[in-house]
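Student: Here's the letter readout for the chains.
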Amino acid sequence: MIEWIVSDRCTGCNQCVAVCPTNVLEAASDGPPRIARQEDCQTCFMCELYCQEDAIFVGADCESAQPVDRQAVLAQGLLGQFRRDSGWDEWASDPRYANEHWRMDRVFLLARALASAQQTG
Amino acid sequence: MRETLQLEADVLVLGGGLAGTWAAVAAARSGARVILADKGYCGTSGVTATAGPGHWWVPPDPALRSAAIEKRLATAFGLADPAWMARIIELTWQTLPTLAGYYDFPQDDAGVTQYRGLRGPEYMRAMRRLALDQGVQILDQSPALELLLLADGAVAGARGHQRQLGQDWQVRSGAVVVATGGCAFLSHLLGAHTNTGDGYLMAAEAGAALSGMEFTTYYTVAPVHTSMTRSMSYAFATYYDAAGHELPIPPGPGSTDALARALLQGTVFCSLHKMPADVRAQLPRISPNVMLPFARQGIDPYTQRFEVTLRGEGTVRGIGGLDVVSDDCATRVPGLYAAGDAATRELIAGATSGGGAQNSAWALSSGHWAGQGAARHARSVGIRTQAAVQGAGEAGLRPRTRAAPPPLAAVRQLVTAEMLPLDKNYFRTGAGLRQSLTLLDDAWQAIRDSAGVDGADRMKWRETAALVASGRWSYRGALARAESRGMHHRLDHRQTDAALAHRLVQHGVDQPQWQTPVSTPQPEEQPA
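In the order they appear, the protein sequences are chains E and H. Going by the numbering used here, 55 is the number at position 65 of the first sequence; the sequence numbering is gapless. In the numbering used here, each number is its position in the second sequence, counted from 1, plus 3.
The hints are simulated quantities; they were obtained by calculation from the structure and are not laboratory data. What you are looking at is a predicted structure, and each value in this text was computed from that prediction instead of being measured. Cβ atoms here follow ideal geometry from the backbone N, Cα and C, with glycine treated the same way. Among the hints, a few may not be true.
[As the list claims (entries may be wrong)] With beta-carbon atoms standing in for the labels, derived distance ranges:
hint, chain 1, residue 1, chain 2, residue 2, range
1, E, 79, H, 495, 54 to 62 Å
2, E, 95, H, 460, 40 to 48 Å
3, E, 80, H, 393, 50 to 58 Å
[To be verified] Quick look at which bits of chain E chain H covers, simulated, 3 or more residues with Cβ under 8 Å:
hint, segment
4, 6 to 17
5, 49 to 62
With the hints as constraints, model all of the structure from the sequences given.
Tutor: Given below as structure tokens:
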């Protein structure tokens, strides 16, 4: 679930407040939005995707809040990973992050072929 | 007295996911003034936004089309209708390419434009823009609480709450499309936390019927404690028990049965070491969210084993929902239409999950038809703003007594405890279903008596009422279907019963009734 809004990156645009499907966040009069209802977070990562400042960290655990090692999150480049890999905004023209969703069908076919080869082989 | 935003429209669409946005667009293109209200944000709400929906995609070659339909009919177990299958294949084929300009359809290695599968976040972002360009007025963060009824029983709008503005809303409309998604019983299925069956409850209170609610037994694998129910990678999965022994579980979508049995025995671990290197490299470009939990937990799924669980999908990749009675997805209530997972998908999927592909084609198509049908209906009856309306909502809004309600969290806990465990919902028995139903019925009574006394937590109580109501319809259906058919497994009735080769349609909320009489078997002797 959402664990951290990085205050020195956040511009207070409140886009995350607007797009959160479960209404977890609350705009503050000054500074970053407040994580007001963390228990309602469904861990869908949509707030990260819509945050152009890469100022949000959603933890992997969707069942309970977990401590976050902020230094590690920064060092491992986890902030903005989803938005970059999705090829949004400034990444849109970077071929490393092209939308290759169409490969999914072929991957399933490949998996089926591998599985049946394993059975017969 | 709360402030109320008062609006009028020809068509009101409840729900801004895939079906709701297609409904809004279709209604607007028919010339209707359209308002769309979403509980969350139209663009991120619903199970499409977090997924990668493929569509049932068959070129207009009669031989290919009939082969595709025959293949699906073979697993529909007598409950689907080939004419509806043909309709959604054709409409999807015609419609999806028209999204070019809003969605950047990529080309494959051979330079052929790929329409079939779309990335969810970009698809829903495109649908929002398209709806806005068609003049649809979107109310975000505006959950509907109840439908409005005219004295003759026709639906004439809805009422809800703008949760970020702290004011209520009321829309008077000529017709309403319910596209509120399915009910995933709070399973942590990705993107489904808001899918609590709200539309089932609102529509049933207005008199609509539900069909196929017993088919809530689809489960998807995910790493434990995570919401990442994206399944493609598990086509390469190898599973292990706690002692490290490999389990004889086939990879891929046919694995649920064996995986469910293994999980009832103990913890199950998974490794993706069989995924070829080129697929590993492509994975973030195919589905950018799949690796997020692994990266954040420091797990390398290609070299390390990770514990997995099964997440229940309820009626999302289950099948049931509101019964539609015409080609334009009308319910039996005048002015009320249903689309997407809010409607039953038995027509196109029968007793086997519509998975991603059929369900997406259904969301697009049923949204289209419901939107057009609602626009037509609104044109013929008008908005009738001077006529008196009454809110149809009961449970969680208008308690029967002044008693204090039970703790909300406890009721929600009860729903998950009865509707998700594999030994209650996946492997079903008459005795187990009856036991769960008793608890759900008690919870229902408590909500009806006392929830919503002071108007606090109205949305949460309405969600919770919808969860309990959906659970009751589901298990009532599961009990009546004293057989095994498609995804519905009864340990005490392992055979398919030819006498039950029909849909089970029920209506009513407090005391549901079967539309055509169904003989629910009486409790048998407890098996030894």
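Student: Look at each hint and say if it fits the structure.
Tutor: Cross-check of the supplied hints:
1. E:79 / H:495: 54 to 62 Å: Hint holds: Cβ distance 56 Å, inside 54 to 62 Å.
2. E:95 / H:460: 40 to 48 Å: Taking Cβ atoms as reference, residue 95 of chain E and residue 460 of chain H lie about 44 Å apart, which means the hint holds.
3. E:80 / H:393: 50 to 58 Å: Because 52 Å falls inside the window, the suggested range holds.
4. 6 to 17: It holds, with 7 qualifying residues against the three required.
5. 49 to 62: Three-residue rule met by the segment 49 to 62 of chain E, so holds; n is 6.
The structure shown violates none of the earlier numbered hints.
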